[in-house]
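A.B. asks: Given next are the chains, with one letter for each unit.
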Amino acid sequence: MADEKSGAAAGAATVPAAVAGAAAAAGGTVVEGRPEPSFEWMGLTNQWGVRVKPGEHGLRLGDLNVGIYGEVPEVWDDQTRRPRGALPRPGIPPLPYNLRAKHQMWADCAADLYEEAIQRRWIPATDVPWATLQPLPEAVERALCQVCTEIMQYANTEIEIITYWQDQMSYGYYEVKQYLAAATFDCARHIEVLRKRALANGGGLGLESKGAVNRMILESRGGWTESVVYLYLLRGTFVMQLLRNLLSSAHNDAERVIWSHMIEDHARHLTYGYDHLKYAVTHQEGEASVLQTLLTIGEAMMGAELKDGVLRSAMAIILGGGLEGGRTVGMESYLHLVGDYLRDYLALCDWLGVPRADQLNPSLSKYLEY
Amino acid sequence: MMQVFPSHAWFQAVREVYNGDASLHSGGGGACDTTAGLKVGDDGYLMVFEGLECADIRPAGEDEMSEADFIIEMPLALWKEMVANVQENGKADLDHTLNSIDLQQEESIAYSPADDQYRQDLFYRYNQNFQDFFDASSRVETIFDQA
Chain A
1 MADEKSGAAA
11 GAATVPAAVA
21 GAAAAAGGTV
31 VEGRPEPSFE
41 WMGLTNQWGV
51 RVKPGEHGLR
61 LGDLNVGIYG
71 EVPEVWDDQT
81 RRPRGALPRP
91 GIPPLPYNLR
101 AKHQMWADCA
111 ADLYEEAIQR
121 RWIPATDVPW
131 ATLQPLPEAV
141 ERALCQVCTE
151 IMQYANTEIE
161 IITYWQDQMS
171 YGYYEVKQYL
181 AAATFDCARH
191 IEVLRKRALA
201 NGGGLGLESK
211 GAVNRMILES
221 RGGWTESVVY
231 LYLLRGTFVM
241 QLLRNLLSSA
251 HNDAERVIWS
261 HMIEDHARHL
271 TYGYDHLKYA
281 VTHQEGEASV
291 LQTLLTIGEA
301 MMGAELKDGV
311 LRSAMAIILG
321 GGLEGGRTVG
331 MESYLHLVGD
341 YLRDYLALCD
351 WLGVPRADQL
361 NPSLSKYLEY
Chain B
1 MMQVFPSHAW
11 FQAVREVYNG
21 DASLHSGGGG
31 ACDTTAGLKV
41 GDDGYLMVFE
51 GLECADIRPA
61 GEDEMSEADF
71 IIEMPLALWK
81 EMVANVQENG
91 KADLDHTLNS
101 IDLQQEESIA
111 YSPADDQYRQ
121 DLFYRYNQNF
131 QDFFDASSRV
141 ETIFDQA
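As given, the protein sequences belong to chains A and B, one line each in that order.
Quick note: the first sequence uses the working numbering, first residue 1, plus one each step.
Quick note: the second sequence uses the working numbering, first residue 1, plus one each step.
Hints in this document: simulated from the structure, not taken from any laboratory.
C-beta: ideal position from N, C-alpha, C; glycine also.
Mixed in with the good hints, there may be bad ones.
To be verified - Which stretches of chain A does chain B cover? Using the computed rule of at least three CB atoms under 8 Å from a CB of chain B, they are:
1. 120-129
2. 238-251
Said to hold, decoys possible - Pair by pair, the computed Cβ-Cβ distance ranges are:
3. A:P135 <-> B:Q105: 31 to 37 Å
4. A:L207 <-> B:D93: 31 to 37 Å
5. B:Q146 <-> A:R215: 58 to 64 Å
6. B:V4 <-> A:Q134: 35 to 41 Å
With the sequences and hints as input, model every part of the structure.
C.D. replies: So, in structure tokens, the structure goes:
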């Protein structure tokens, strides 16, 4: 808890008594040409004497939200890099922090997710039991490498769009910036582990993705919330189904570790995304209507991408255990996967207050029969 | 010592195995802090994870289940099938992980009692921890309640 009694008032400029006696003033030796330390800045603080105590889970980012440091404003007008709670310095030129309203990026869980991401980091080089990889039938290896190639591009799209907007997010909402920094590192880890899997078992990278949805995500320039709609609600929910089905079809312990860790990381990303959208819809008038419009556009693009035969065929081969199985049970399993994705998506839209069931694009609704 | 599934003693025995073997804590990639509810037929349990350990597991009535971040609920026969599979293979095979069982059901086996998406997502964010916990049951001699 902050020691409120010892907190200096905003703008107070008293120099703490402990430093009032500088060396020169105290009669110490002054060396010619050496700058004399100044101490006037020491009293310049909005709140002093804060002593946050670790909780049962250690000293977490969210624990620091005490006193003025816990005041998260609805709008943060300061366009400098000033940390929230620090005293502003006159004359700092503005920087292009264009996202300055809380509803444009906030999620209550961001600080906790940051801690979770840091605590649950993993190391593909050593945490994956690579020695358990065994030769697979060539069609299955090719399919798996193709899926790795595809999902790598989802991950690098995620990095690019997060960093594009992160650059523009004001420091008033530093928890979100911190969390997103961790999320980009998760994505870098995913690119790493997928590349390693593709190159570690006699295969190689496959065909580049057509990338229509990647492009839609990267070109979503109306605001971070718009990007979150496409990145997490529309695409991310699908990716979760891919990862979960890949885990249930893992061929060895190495793959089990890869997919299970990726699921946990990706679930964190979705939690932030869904939580942010809920915040935006409930705190910004008209946002639900904007989301409806965005989803009308995005669903068409998602439907078009799902028609592409490469990912579909590769997943069918994996789920079916080979070429023959891919034509029958594998393809049925894949179609069921897409149906599950859409059922999850529609449930999330309902929860967000943006119901889509009656307006779902026909290119997607056809999968609901599976 | 033989333990009956489902029972509080069985879960406590699994908890001891899980907490006593650090190799079972690496799968989740780190600390896990959550309270999960388990509905096993007519029985309810609250399972508390703190850091790298399962700190507590205790029987819980319907009203106490609201304390859980999320609840895993399956028919008793499916719980038994999962535990039997773990006993047979040393860990769940690919058709009997929590993830696979969830994918196979019409309705998800995990839900938030408070319809809280953040808390429900913990099922996926900590999924491997729970899997490691149930895989630890392979080291608990188990007989099944015939009810």
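A.B. asks: The structure should be examined with respect to each hint, and the outcome stated for every one.
C.D. replies: Hints and how they fare:
no., hint, verdict
1, 120-129, "holds (count 4)"
2, 238-251, "holds (count 7)"
3, A:P135 <-> B:Q105: 31 to 37 Å, "holds (34 Å)"
4, A:L207 <-> B:D93: 31 to 37 Å, "holds (32 Å)"
5, B:Q146 <-> A:R215: 58 to 64 Å, "holds (59 Å)"
6, B:V4 <-> A:Q134: 35 to 41 Å, "holds (38 Å)"
Consistency note: the structure conflicts with none of the earlier hints.
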